[in-house]
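**Q** I would like the entire structure built from these sequences, with the hints used as guidance.
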Amino acid sequence: MGLPNNRSRTTNPFTAMSNLIDDFFRSIFEFIINVLDVVFTFLQNRIGIKGMAYFFVLPNLLIFGIFILTPMVLNFFYAFTGGDNILLDQRTYVGTQNLETLFTCENFLDPNSCREDLFIRAVGNTAVFVVVQVFWMILMSLITALILNRDIRGRGFFRSVFFYPVLLSPIVVGLMWRWILQENGILNSILLDIGLERISFLASASWARLWVVVISVWSLMGFYTLILLAGLQSIPADLYEAASMDGANEWRKFWNVTLPLLMPTMLVVVVLSTIRAVQVFDVVFAFTGGGPGTATQYIVQYIYTNGFASATRQFGLASAASLAMASVLIVFTLLQLRLRGTED
Amino acid sequence: MGFLSNTNGRESLNWTDILTYLYLTLGTLLMFGPVLWIVFSSFKTERELYTFPPRLLPYQQELVTVAGYDDPLPLFEVPQEDGSLVTLARVRRVGLEAQMVDPANPAEIISADNTTLIPIERVVFSLANYQEGIQSFAFARYFLNSVIVTVVATFLTLLVNSMAAFSLSKYQYRGRNTIFLVIIGTLMVPISVILVPAFLIITQIGWNNNLLGVIVPGAATPTGVFLLRQYMLTIPDELLDSARIDGASEWRIYSQIILPLAGPALAVLAIFSVMWRWNDFLWPKIVLTRSELFTLQVGLNAFQGDLQIQWHLVLAMTVLTILPITLVFAFLQRYITTGIATTGMK
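Sequences listed follow chains A and B, in order. Position one of the first sequence corresponds to residue 1 (my numbering), numbered consecutively onward. Position one of the second sequence corresponds to residue 1 (my numbering), numbered consecutively onward.
One thing to keep in mind: the hints can contain errors.
Stated by the list, open to error - Far from chain A, some chain B residues (derived; all Cβ distances over 10 Å):
| no. | residue |
| --- | --- |
| 1 | Thr45 |
| 2 | Arg93 |
| 3 | Ile183 |
| 4 | Pro190 |
| 5 | Pro217 |
| 6 | Ile245 |
| 7 | Glu250 |
| 8 | Ile340 |
Stated by the list, open to error - Straight line, CA to CA, 25 Å or less: simulated SDA-like cross-link-like pairs of lysine to any residue:
| no. | chain 1 | residue 1 | chain 2 | residue 2 |
| --- | --- | --- | --- | --- |
| 9 | A | Lys50 | B | Ile179 |
| 10 | B | Lys170 | A | Leu36 |
| 11 | A | Lys50 | B | Thr289 |
| 12 | B | Lys170 | B | Gly95 |
| 13 | B | Lys170 | A | Thr96 |
| 14 | B | Lys170 | A | Leu62 |
| 15 | B | Lys170 | A | Val38 |
| 16 | B | Lys170 | A | Leu58 |
| 17 | B | Lys170 | A | Pro260 |
| 18 | A | Lys50 | B | Ile118 |
| 19 | A | Lys50 | B | Ile257 |
Everything labelled a hint here was simulated from the structure, so no lab data went into it. In this text, a Cβ means the ideal position worked out from N, Cα and C, and glycines have one as well.
**A** Here is the structure:
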């Protein structure tokens, strides 16, 4: 350790203190590593470098295998067995009965004609939600990213502003907006002030659906804005200069330079936001609880209710619904992998 | 259409600049407004919360202790016939009539028309909701559970995934690509899709109503493996080889060469992990049914789930729930936003 370094470390008591704490943790960390090194060197001498490669991947594979892969396989078992017992040996094989129950409909456009009308309604609600929400999510994120990409003062600050709601938990977001939108809430007070009528936002099916879209875009757009912004900033500036020299106006530069070069990022954002939208649950759970009626019940809520919140646990139905949802997600995942593949 | 490209110079303020700053101002209002509204509301008395139209600041009626009365009495301004106002305290209401008393002269009861009374109010940021909330809502307990889950899970996530990523990026062995593909293949299969069987496994292990059941299942995240592996691929193999020549064990290479060099990627994963775990709801709700084990999110939801939602308490507890993550963000926002932007994935 050199002398100048030492002197700078004692300039003020606060730095000295934090350096002391830093050194303390560092030496503890090093001590742990050294102790483990003795153990693992012994291990390495027995199993070799190749063996260590397996050793390093093992903890991850164990957790992954037990809590993700096994359940994925078991999910099929549940989907094809009946009864309300969660233990595997207490369940009887019923073939495709659960899936049939979910998808038996005289007319798929009329949920009332379905055996399990709640599920069909949930699927319909989810489908509409995904399409509308992803559209607005992309549009708002893109506009915000384009604006943040301009030569503005305080870009870092504004980037954080739009990102802040991403940190809030879905439960908090749901409760917060419920308070704002209630009958005697601030929004209704503003509506009355500007001469409009009071609206029961959470008692009307279409208003509730609309607000679910609005609050989910509000709470997550900052994340996609960041990704799009990174995409925009990776577009080389000389391309714009070249376009200017060719006499292109701003609009043409946007269509012929920005959009095509942003496409790979856009596709990733579309896929990510779609996958996320398909799983919408907790924010709505706190916001409307699925209501009014079944207006804002989505697939995950159906799974949750049948598997964990109803009087008789319909694990078979829940798993069959999971299976249906998983197959949709897998399609998106494959799409995502293809996109990443073409990117690299 | 200047706002569509990034080549706008800084000459003079033209209309696109005005539009830009207008958008940013409006955006700031929309992003922070709802949170601020909750914060202001959380200081209001129950009574003030239900007054319509709502006011921004938390007002409270002035109270005065009058000799001969046990409870403090609310103060009002009472219009007199000549148009002047007199400050009186209200003893009780009888229909439309209010029985008032002059605090300076407590013996004499003055009767007044209740509808003409103007309450005397002042702005008070009262912590009463917070105090009552903390008593009826086991905030400290839930907070501690959330902290334990977040810290332990993040540590475990970093350790387990960085080890796996090290193995998958720096060694050649049979089955390596298969392992990587299987992990990546489930990148988008979240735990909400496998709720029932995952719950069975937790039950079989005996981890329901145990924080371990919340912490461990999500620790091996495909996102983490992918992010760290991509980053570690950029670390040159020569570094490892020269360390081996110097006699370093594989463990030492991992802990003292790879980990420090992968710092930025580890930081991003840590941020993600903290965000996921602090805000996680569905899985903890299923695993934890005993209220002393609830995390903040589960507790908050159970708290509002009662038939009569007690907004004054729910609002205060909501503010307390978002406070820690807001503080962390305020200090680390630059790292968080640039970190996420550079890795560009979730």
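**Q** Run every hint past the structure and note whether it holds.
**A** Each hint tested on the structure:
No Cβ of chain A approaches the Cβ of B:Thr45 within 10 Å, the least distance being about 15 Å, so the stated non-interface status holds. Its beta-carbon lying about 23 Å from the closest one in chain A, B:Arg93 satisfies the requirement of being farther than 10 Å from that chain. Chain A draws B:Ile183 into its interface by the beta-carbon criterion, the shortest separation being 6 Å against a cut-off of 10 Å. A Cβ of chain A approaches the Cβ of B:Pro190 within 10 Å, the least distance being about 6 Å, so the stated non-interface status is violated.
Under the 10 Å C-beta cut-off, the non-interface status given to B:Pro217 relative to chain A is violated; the minimum distance is some 4 Å. Here B:Ile245 stays apart from chain A, with its beta-carbon at least about 13 Å from theirs, past the 10 Å limit. At roughly 4 Å from the closest C-beta of chain A, the C-beta of B:Glu250 falls inside 10 Å, breaking its exclusion from the interface. Non-interface status of B:Ile340 relative to chain A is broken: a Cβ of that chain comes within 10 Å, the nearest being about 5 Å off.
Between A:Lys50 and B:Ile179 the CA atoms are separated by roughly 15 Å; this keeps the pair inside 25 Å, and the hint holds. Between the alpha carbons of B:Lys170 and A:Leu36 the distance comes to roughly 20 Å, so the proposed pair stays at or under 25 Å and holds. At most 25 Å may separate the alpha-carbon atoms for a hinted pair to count; A:Lys50 and B:Thr289 exceed this at roughly 44 Å. Proposed proximity of B:Lys170 and B:Gly95 is contradicted: the alpha carbons are some 84 Å apart, above 25 Å.
With a C-alpha separation of about 45 Å, the suggested pairing of B:Lys170 with A:Thr96 is violated against the 25 Å cut-off. A threshold of 25 Å between alpha carbons decides the hint, and for B:Lys170 with A:Leu62 the separation of about 20 Å falls inside it, so the pair holds. Only pairs whose Cα atoms come within 25 Å are accepted, and B:Lys170 paired with A:Val38 is accepted, the gap being roughly 22 Å. At most 25 Å may separate the alpha-carbon atoms for a hinted pair to count; B:Lys170 and A:Leu58 meet this at roughly 15 Å.
Distance check on the hinted pair: B:Lys170 and A:Pro260 sit about 35 Å apart at the alpha-carbon level, beyond 25 Å; violated. Annotation: proposed proximity of A:Lys50 to B:Ile118 is violated, straight-line Cα distance about 83 Å (limit 25 Å). For the hint pairing A:Lys50 with B:Ile257, the CA-to-CA distance comes to about 19 Å; that is within 25 Å, so the pair holds.
Hint violations for this structure: numbers 3, 4, 5, 7, 8, 11, 12, 13, 17, 18, all remaining hints satisfied.
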